[in-house]
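Engineer: Kindly produce the complete structure, drawing on both the sequences and the hints.
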Amino acid sequence: MSTLTKSTTEQNDQVGWTRESIRSAVKKYIVTDYRWDALDKTPLGRLRKAAVLIPLFICNGRIHVWLTKRSDRVGTDKGDVSFPGGMKEPDEDEIATCLREAKEEIGLDASQVEVLGPIYPRINRTRIFMTPIVGIVDENFHPTPNEEVAVVFHLPLDRFIKQEGLILKSFPFKNTLVNILFFSDEINGEMITTWGLTALACVEVAVGILQKQTEYDFPHDSKLSPDDPFSVSRSYLESLTKRTIQSKI
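For the sequence shown, UniProt numbering begins at 1 and goes up steadily by one.
Warning: the hint list may mix true and false statements.
Stated by the list, open to error - 25 Å max Cα-Cα, derived DMTMM-like pairs, lysine to aspartate or glutamate: (1) LYS169 - ASP185; (2) LYS41 - GLU238; (3) LYS169 - ASP217; (4) LYS28 - ASP93; (5) LYS103 - GLU92; (6) LYS103 - GLU89; (7) LYS41 - ASP93; (8) LYS49 - GLU114; (9) LYS212 - GLU164; (10) LYS103 - ASP80; (11) LYS242 - ASP37; (12) LYS49 - GLU147.
Stated by the list, open to error - Ranges between beta-carbon positions, derived for each pair: (13) ARG46 - GLU139: 34 to 42 Å; (14) ASP91 - ILE30: 30 to 38 Å; (15) ASP228 - ASN146: 33 to 41 Å.
These aren't lab readings, by the way, just hints derived from the structure by calculation. From the three backbone atoms N, C-alpha and C, an ideal C-beta is built for every residue, glycine too.
Structural biologist: As structure tokens, this is what we get:
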């Protein structure tokens, strides 16, 4: 296992971010309609639940995000990039789940995180209801990954609105094509690719907080813009919620 923290990706051109300015930028995107305790008596309440932490921090006045590359010792998604997080345990809520997992996976103590709140949840391909929690991490945090994590690294948040290192791939899914973004970055000599729901969350958070349009055309029917950065996740969640209710899981 290794802890890598440097990227060849250029940092964004906006400097001077503070905790207060991040709080102000994030608060308008906090979503409480899908809290786990409110879903218990709905069809969505029957889905397995997980939570991840989107750990933002300030580096030289710019916003960065911590990410992990999963090791070969995990049961699923070996080698994939993800946020620290995992499955719900009994009597846990979203925040307790992501903080526990962040402590276990990268050694991030809850005292080093200012939790801002949840954004739009996602239902992944294995039908897990996953809630991202945005938080601000202390700048002096040094990750200590466990055996589930091969690499801990960080990228400037605006990396996810840039065209450089981006590949768009299409995959067949239920008689249609699904377009997925793949962001490749060299991290201390190793090429690491962020894709899927992790990449989408990074893009949405970047567009929302930085209030900048992506340099690339976003490959979805919904229009993602600084005015409505979570339109893709919202429409996807609403569609899956409707199907879940209709299927009477």
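Engineer: Output the indices of the hints that this structure fails to meet, ascending.
Structural biologist: 14
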